[in-house]
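There are 2 protein chains.
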Amino acid sequence: MAGDGVDQRALQYEQTLMYGRYTQELGVYAKEEAARLREGGQRRSVGRSLDLLEYDKGRCAKCRRSGYPWVLEAPARDFISVCTVRCQKFLISRVGEDWIFLILLGLLMALVSWAVDFCIAICLQAQKWMYGGLDSNVFLQYLAWVTYPVVLITFSAGFTQILAPQAVGSGIPEMKTILRGVVLKEYLTFKTFVAKVIGLTCALGSGMPLGKEGPFVHIASLCAALLSRFMSLFGGIYENESRNIEMLAAACAVGVGCCFAAPIGGVLFSIEVTSTFFAVRNYWRGFFAATFSAFIFRVLAVWNRDEETITALFKTRFRLDFPFDLQELPAFAVIGIASGFGGALFVYLNRLIVQFIRKQKAINKFLMKKRLLYPALVTLLVSTLTFPPGFGQFMAGKLTQKEALVTLLDNRTWAKQGIAEDFDYLGHLQAWQHPQVNVFVTLVLFIVMKFWMSALATTIPVPCGAFMPVFVIGAAFGRLVGESMAAWFPDGIHTDGVIYPIVPGGYAVVGAAALSGAVTHTVSTAVIVFELTGQISHILPVMIAVILANAVAQSLQPSLYDSIIRIKKLPYLPELGWGHHEKYNIRVEDIMVRDVRYITLNCCYRDLHNVLLTGNLKTLALVESAESMILLGSIERAQLQALLSQQLGRARRMEYIRENAMAFKKCMSDPESPPPPPPVEDTNSQQRHSTQEVRFQITTEESTLSPTRPTPQKPLKPALKRPSVVDRPPEILTANNDNSGIALKNLFCANPDAEALEDDGDTEDDMTIREIAEWEEQQLDEQVNFSNCKIDPAPFQLVERTSLHKTHTIFSLLGLDHAYVTSIGRLIGVVSLKELRKAIEGSVTVKGTKVRPPLASFRDSGTSSSENEATELHKLWDRHKSMSLPREHTQSDSDEKSQ
Amino acid sequence: MAGDGVDQRALQYEQTLMYGRYTQELGVYAKEEAARLREGGQRRSVGRSLDLLEYDKGRCAKCRRSGYPWVLEAPARDFISVCTVRCQKFLISRVGEDWIFLILLGLLMALVSWAVDFCIAICLQAQKWMYGGLDSNVFLQYLAWVTYPVVLITFSAGFTQILAPQAVGSGIPEMKTILRGVVLKEYLTFKTFVAKVIGLTCALGSGMPLGKEGPFVHIASLCAALLSRFMSLFGGIYENESRNIEMLAAACAVGVGCCFAAPIGGVLFSIEVTSTFFAVRNYWRGFFAATFSAFIFRVLAVWNRDEETITALFKTRFRLDFPFDLQELPAFAVIGIASGFGGALFVYLNRLIVQFIRKQKAINKFLMKKRLLYPALVTLLVSTLTFPPGFGQFMAGKLTQKEALVTLLDNRTWAKQGIAEDFDYLGHLQAWQHPQVNVFVTLVLFIVMKFWMSALATTIPVPCGAFMPVFVIGAAFGRLVGESMAAWFPDGIHTDGVIYPIVPGGYAVVGAAALSGAVTHTVSTAVIVFELTGQISHILPVMIAVILANAVAQSLQPSLYDSIIRIKKLPYLPELGWGHHEKYNIRVEDIMVRDVRYITLNCCYRDLHNVLLTGNLKTLALVESAESMILLGSIERAQLQALLSQQLGRARRMEYIRENAMAFKKCMSDPESPPPPPPVEDTNSQQRHSTQEVRFQITTEESTLSPTRPTPQKPLKPALKRPSVVDRPPEILTANNDNSGIALKNLFCANPDAEALEDDGDTEDDMTIREIAEWEEQQLDEQVNFSNCKIDPAPFQLVERTSLHKTHTIFSLLGLDHAYVTSIGRLIGVVSLKELRKAIEGSVTVKGTKVRPPLASFRDSGTSSSENEATELHKLWDRHKSMSLPREHTQSDSDEKSQ
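In order, the protein sequences belong to chains A and B.
In this text, residue positions in the first sequence follow numbering that gives the first Met the number 0: the first is 0, and each later residue adds one.
In this text, residue positions in the second sequence follow numbering that gives the first Met the number 0: the first is 0, and each later residue adds one.
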């Protein structure tokens, strides 16, 4: 691999030379070049290029894996191919890969978004057309009204379930987890992409109160991942992992941006929703891609003659000169506070429904069997209630989500009874009017019904988000308050002569931003609202309401996405709460696990075996010795398994047999030589006797180990895998089947005995099981050779006195999974995400008392001197001063730790 | 200190108990309590409270430093004070300190901003009034026009220079550095606050092309720092350093927010301009404070009857239904690209002027002598050129910045020659009209003149920013393009029947955002523009132009703030450039300093002395031994100095003399006992002989050491100090004067000989200099006792193969100053900000060739196995296996390092 890279670089170097000659005789040169390329195969391993390599830095890196068609036949074709290669190189190297990538991503997502919108619109039109065509018979109408969404949702649920169950739901919680550095299996595949796009189109086409924002974040990330894989055909940079994460972050922005044609809001929303720490240097990526995407998305509408020019998606036409009076601000604040409670209630309700369905064993069993029944039932219920001639007439049931939003943001006042001629409930606005019922009642009913419907609908296992439904509900609530204000102050509040009537549409804008902000715990919904409506005149009311809503909601409930993360048990680190300053006073020593599994540098394979059997940690600490406990690094479990399988593998056994045989032969041919060493040395005869017991013991432990394997996927909860479990190198697994030793079997297979007996009895391997066991025992007592082992020489280290706050910061900044706690180089504990999560959640609920040991308050909370460290070092120093043998004092306590 | 803390906690505990009894008999209890408090002084050291301490966790932390008036006389007063205390505690603990702080900060800044604006308006009006009143005589008019700003600017420069030279300039570069974790001396003091506010008001009142945004960021930070100090009177949490940084970040947002009444843009701009990594959990702070501040700022305008209601600062009235045509987008893109070049040119020009003035020795000397001459001259030049009856008539010279911006954003078209009746150059618009000269010429002249004037004016040493001037120039440029477009397409571009004329004001908005974005390298100017104008209809053109401008400007020049950081040589880490993926392939081992200064655990004071003399690092690495090089921690220089001064101090010498005398007496009285040990042991007689030489050598080294002391402050460049240099504990410095030993003198004083001779000859200290030197030599050979020393047990560690990219990320994430490079626990190098900066700047300019060693390209850029680590560990493993004495192999190479 390395040699290959060098050869390719040599080729690239020659190509680089060509640049220099370009102005001379291109035709002649192209021929030369082609001839050289053809010969390239023969003289690949030429060493002379080594000293020239420093000249072709950045350029060659891109093409290392490109795999150009080097097999050329004629000079003409050579020329063309050389030109192509050069053009390609130029394009890739000069324009900047990030740009190309982001533009492609933006373009792709804009097309997807537009296509999805187009299909949804057609679906909704079809439903209306069916419903309208059957207006002679109410029952038929009802059937059409109900059957259509049920079929669509059922199809969506079934399709997603079959193709890629990972596509279910919003996707933002999962993206948050992925951007945290966790690899979710099958989450960014083409299958998921197809399932998500088609599933989402059908789900939204059904007219259920579902949104497209969350799924679009996921779709954009899918797009980015697939595009990244595609682009990696052209250049090596696309394989860098940290770059991929950066691109995924940009993709999240694109997802929101092209969904609402809101580039700025998209970037901010995606940052707030997915990131803990944000690298400002990646900021432009999101803006660039989201702007391009939003631009193309809106240009498509213009080209499709839907719009005359590029405008906002839900354009409002509020008056500019006096958008609101100062004295209306309390009303806006009320909207904010009420939205905060509403948002928390929504999250709570959503979680309650999921948990209720999970807990009810009977329902659950039935629903699990008929997986499509639950979506169908929910859809039936919701669409029955919204049936326009039925209950739907009291809640504007015939309006689609989009139509409802447009009417709610209308700049006219509905409730102004006096001036009826101003307002004649044109078009969709008619839906809000009912001959018997007041418009206030309609609005209240709309809010209440849509509220639980949305909370219920978002639990259906189809690709769907909750942002848009919540947004509409918020708008309706704002409208309700606005209309009330308009009814209360028919001539406006302003007293200085000029009459400025109240604009209920502005209240709707404020309500929408506040409620969606409360549910998602974001402030950037304010920006989204401005970009959606194309007006920023209500900026202060919106900001005030959103901030108040956030303050209330964040103190009551987690955000919807965090709630889903908890429900799905995704490995995510919760945020530190607002102003919980006790966290500055909890230390790592209070939360760390002191009983660390470790291996020593001079351990034998038996220790390795035992450590692997008794724990299921992904990585193990490597210390210098059990006495010193000086941390040297960490080793992945897979590496250790490989080491063990190598040591006990068939290959080595065969070699051993061969050597034995050779020695035997030699001994036979040379009678003077001493007899060959016995196959098994007698030094550990005790262990030999206890082999059967040991194996028995191992087998029982085996059964406790097995639950760590990936369990079969359950519906509603996509399977989740941590990277190192996923990335267990396939050669190890395959190696097991070949080199099946007994101890290895114990480690890797669920039922080792049967296989072991079968496999090892036959073939040229003429050792008995007994002999193999003995040989293995002998092998296990050898010292481990770590020289071929990948060791991470700098696992992240904390000290005992690191505060919880700092630990949290470091974990989220660096995306850590665990960190070792050291004291002057000695390993004394380990903190993993689990402990940290426990500590944070514990302290959030009970204000620190749970995790804080009784003596924590003794500690000086300032930065000043630390007696612990001093005494610790003092010990070490004393030892150094007084002792001849280093590290004898610490032996006793570290021996305790090593069980 | 620690004991005191315990006592106070005991007091607090009693107060906590009071809560429990509140419902019983409050009056009785208050008396008891008061009595107990009065007795408090006597029984402070009572140990019984220790076991109860676990109950008074979070509550007591706040009041520890509150200093309530405990001296009470009557029960009534007791009761009142207890109530007051309780109320105070309730207020502080319940409402949440962050809220209160942010609200106060917002309120304060809004008031400051409004007051400054008010004063500036008065100043400008006064100038106009003077100029208008003298319209009979052009010469007098000129005098008035010129003298007024010259006086104001000179006053501002002088006032700032005298009171606080740190207030000069924008403040954003300094805030960026402070938020990076560097302590800039005197930067956040009340003096600076006063100087900045008054200086800024005068500077802007002069009518020079200067801005208030940058200074307001600084003023808000000053406010936050002062408020924080004030609030810390009420609670301990305000003293937490990481919290202070969070609050400063919020303050930056407030600064921009209340300057432009742009809360969202303020938050985003401040993030982009000051942060590298942003913690999303702090997001709300900025939004909350900035919104509140912007709200109050605009409410003040309403209360002052300037506005009818809360609106945008520069409200535009573009049409909503068809803001721009799709085919105008290329023109917007052209504005973006041209602005990018213009922005880069502005930064270059600004730097050029500063460097020119610095380099020209003759000018420089003269200007430095008469510090106020330079501002006066520049002001004279600028105001002469803008004199309205003179050259100013061709460049709208009589308009203030604000007026110019309002006219430029006007929604009418100036150049539409046909429809003259639509447009009659009303009010300020008249300034753009000239009877002889076309409006295009006026605009071009305005742009060109203001461009260099702004670049020049921002180099004046007064508190001023460059954002607003650049914003106005950008608006003028946009207007120019817009007017050209309007002249080119008089009936608009749209061809579908309806005539939509082109809106040049929209172009002005785009131009303003693009140019200011290019100069500051931010995208959020787009948001600021929307909030400033109150219209978001041009979002896509603005976004496109801003992104293009950023792309162009960022590839040509650093941002204005980074440029100032470089000019002022502030300790800041530059950003990694866009898409320079070579950085993923540079490793720490390529840039680290291998010759690390370290001290070993068993070193003697002489080593300490030498290490302190030969280097001027802030912290030194502590390793186990020179052979093992296992990193144990790092110690601050000041700590080591304290250790040394303790060892060689007068107190110990006195003790030694006393002991000697005692022994001598004892010996005299008891003739059988052996003679007392000689004052100086003879084991190191060689060293004793070379004392004089050593001292001489030390003295010469002293002179090379002295430049590390704070140099006298130069004008234009505020003195800068790193925290540990500042925080050298005063007791050490004072200790020097008392305990002046010779070696210590060498270390701390500039001219030690004279003082040493004087001081040590007299008083009861009856040792000769010779004896002292001998005694010190003896002391220096003792082993260091680290037990009373503060040691950081976990300095940040990297490994050789950490990439530059990751190193940069970690340094900027964690605000590091230096990090040790270790290999399996062994210290092998150190990387400081300096090396990192060099590596990044080297690679940014020459694409990695400078810092990349020739063999770097051989390395596998992937994440896969690392031979280095394996071989390194292999060595260690071999050693363990083969050797009886650990770490003998490594001795040879580590000995080389230890010189």
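Simulated from the structure, these hints should not be mistaken for lab results.
A hint or two may mislead.
Since the list gives no way to pick out one identical chain from another, each pair is judged satisfied if it fits inside one copy or across any two copies.
In silico DSS-like links for lysine-lysine, alpha-carbon gap of 27 Å or less [stated by the list, open to error]: (1) K617 with K805; (2) K364 with K665; (3) K833 with K805; (4) K127 with K190.
The structure presented is a predicted model; accordingly, all values stated were derived computationally and were not measured.
Going down the list of hints, with the structure as the test:
1. K617 with K805: Answer is both; intra-copy 24 Å and inter-copy 23 Å each pass.
2. K364 with K665: Cα proximity of K364 and K665: none, with 70 Å in one copy and 96 Å across.
3. K833 with K805: both (16 Å within a copy, 25 Å between copies)
4. K127 with K190: neither (32 Å within a copy, 71 Å between copies)
Hint compliance for this structure: hints 2 and 4 are broken, all remaining hints hold.
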